[in-house]
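Given these sequences and hints, build the entire structure.
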Amino acid sequence: MVPTAYYLILAAMLFSIGIAAFLIKRNVITIFISIELMLNAVNLTFVAFAHMWHQVAGQIFVFFVMVVAAAEAAVGLAIIISIFRSRQTLNVDEIDLMKL
Amino acid sequence: MNPMPTSYLWFIPLLPFAGFLINGTLGRKLPRTTVSAVALFFTALPAALVAWLWATMCSAGASGVIETISRPWIAITDFTVDFTLTVDHLTLIMLTVVTGVGFLIHIYSVGYMAHEEGYWRFFAYLNLFMFFMSVLVLASNFLLLFVGWEGVGLASYLLIGFYFKKKSAADAGKKAFIVNRIGDFGFLLAMFLLIVHFGSLSFSQVFDTVAQHPGWQAQGAHFLPAICLLLILGAAGKSAQIPLYIWLPDAMEGPTPVSALIHAATMVTAGVYMVARCHVLFNSSPLALSVVATIGAATAIFAASIGMVQHDIKRVLAYSTISQLGYMFLACGVGAYAAGIFHLLTHAFFKALLFLAAGSVIHALSGEQDMRKMGGLRTRTPITFWTMSAGVFAIAGIPPFAGFFSKDEILYRAFTSPNPLHIALWLVGLLTAGMTSFYMFRLWFKTFFGESRIDQHGDGQHSVHESSWIMLLPLVILAILSVVGGWVGIPAVLGGNNVFERFLDPVFATPAAEAVVSTTSHGLELALAAISVLVAALGFFVAYVFYYKKPGTANAIAERNRPAYAILSNKYWVDEFYNIYLVTPLLMFTRGVMELIFERGVVNGSGRAAGTTVRGFAWLTRSQISGNIRSYAGWLAIGAAVVMAVMVFGSSLWAHL
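Protein sequence lines correspond, in order, to chains X and C.
Take 1 as the starting number for the first sequence in the working numbering and just add one per residue.
Take 1001 as the starting number for the second sequence in the working numbering and just add one per residue.
Hints are computed from structural coordinates only; laboratory data are not their basis.
Ranges of calculated distance between the beta carbons of each label pair, as one might list FRET restraints:
(1) C:1600 - X:72: 52 to 60 Å
(2) C:1634 - X:80: 17 to 25 Å
(3) C:1610 - X:78: 42 to 50 Å
(4) C:1646 - X:59: 24 to 32 Å
(5) C:1607 - X:94: 37 to 45 Å
(6) C:1632 - X:89: 17 to 25 Å
Facing chain C, according to a computed beta carbon distance under 8 Å, are these residues of chain X, among others:
(7) 19
(8) 22
(9) 23
So these bits of chain C aren't anywhere near chain X, every CB distance computed over 10 Å:
(10) 1056
(11) 1154
(12) 1196
(13) 1242
(14) 1398
(15) 1483
(16) 1610
(17) 1645
(18) 1649
Built from N, CA and C at the ideal position, the CB exists for glycine as well.
If you want it as structure tokens, here you go:
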């Protein structure tokens, strides 16, 4: 049996990669993927702890996160498409309309 | 007739207030007839209510005091002030003057203001004044009286500055308001002292407490004289006494009915009313009474001497008003409160009449107020002439006109008073009576007799006309009152029984006063009356010689005594004195210290500092709002890291701190 710590270390690595990609990458889709990566890292910790404590709540929560992530992906991709249509780019450094 | 329910008392002030609200809000759009109908209706009703009140209070077995149910207004632990209206015999007299004379002047104003701009505004203010004045006289505690006191000041300010496009009128309004502030300051301090020492502002509670502690005076309780002196300061402001009289002559910038109503008959007598109302307090402090008497006598002669050389018809009457108010103060100061109120009543009749008649003259001459440009109006404006004559004879103290009885009563009471200065007070009063007679007949001769000196240019000569009936009707009524008004107070020595004083006995009854009256002989009273009539006749004679028989005599005398004349015609340079020694230093202080240091330094400085700080922080944060999504994400990550660090290491960190 794999110790819980391994799962947690893996999850931490995935999360750190997600953050790093989120901060470094300029392409919106890549950033989007890195968000998914972070979400899944969290999901992994949920599952790991649920397994460790023999509690089903954590597993159910993961399903919940997945559903929300799916909805988020749908909305997010729709936004990305409309941004691309209007600006012909996916570089976040050029999408700075929210500046004061 | 049924007795009046006490709750109806509220209608006496509230009806004029309703008139003010209607005319003040809708008046601009209403036709003039509607405006005047509203104003007259809402002042006639209170007058009718006061008549009903008379019937109620004079009916057999009626109590001397009627009071509404008190409603709490301010309640702080054990200190309470109530909304309560009280009517006793003194208030009844005042109410009669306010609503009766007020209504007559409203009628007059309909004619006088007919061609003026801002007609609705005028009547709205006038009704507002009636409201506050009724509150003032009906109040049952100092604070409610103060509400009316300030309110009439406001109405006075608005009406003096009625022609606000004229700078002198606007300035006069401000002057009246500011000078009255000084007096009100004294009144406020007096109220604070009353709260500290009595824990109440109710008239009945305060006066009962004073009456129950006759020993206070002997023990040297200093707060009673202090309260009285502060009240005197307030009264001197409102009633235009030395040293605060300077606003009243300037107040003549207002329309003439305003001068008649507010600055002669009612508002300026509020100070006298207040002193009479607080007679229990004043009686407990001989010092305060002496101050009242001295201020009154000094003001009387001082203002009369200025009035002798004025050329503006309204200014003469203004100084005359100040002088007569001085008489009332003199009466109060020698403990003759009933005589003071009696003079207040007759003065309200004849001075309102004189102002209204002067207004009629001014109206006839299309706005001319300089007596040097009048003359010979006797035949051109006969009704004005005859009514004004009644007023002139009344104020000059010629028997049997109203002024004779009240003035004579005051002089007699001054002469016989226990005050150590009584002979001096009487002499000053007598001299003032002579001066009064002189300047009133001077006005009379200059205006109505002799050659016409009216400006010839234009059609000035042809347009001289008698006023319309709506202006003459109040004149006639007031003229009748000026003749017979004094007959209610004919003293016993002249065959009357001084009904007026008996009527006020429930309010003022003091054993000391009774004793004085009974110990003096009737012969003395008759002799004093004869002297004062002689002095009045002398004033008439001098005016007759100077301004009718040999016009120019006065000018010759003025030429010969140039310095004396200069002093009088420049009003003793009091305004200049105040300007140099009070107004200018005050302005320099405000400009130099308050404006430079406080206004610019503290007020503006703190505002600017706050602005700069916010702007600095804004600059700091704004530089981070790049619009760059990745920088936001970075902040997010840093924030999350900080939160996690605090969660993980925070507890051990707190423990070490």
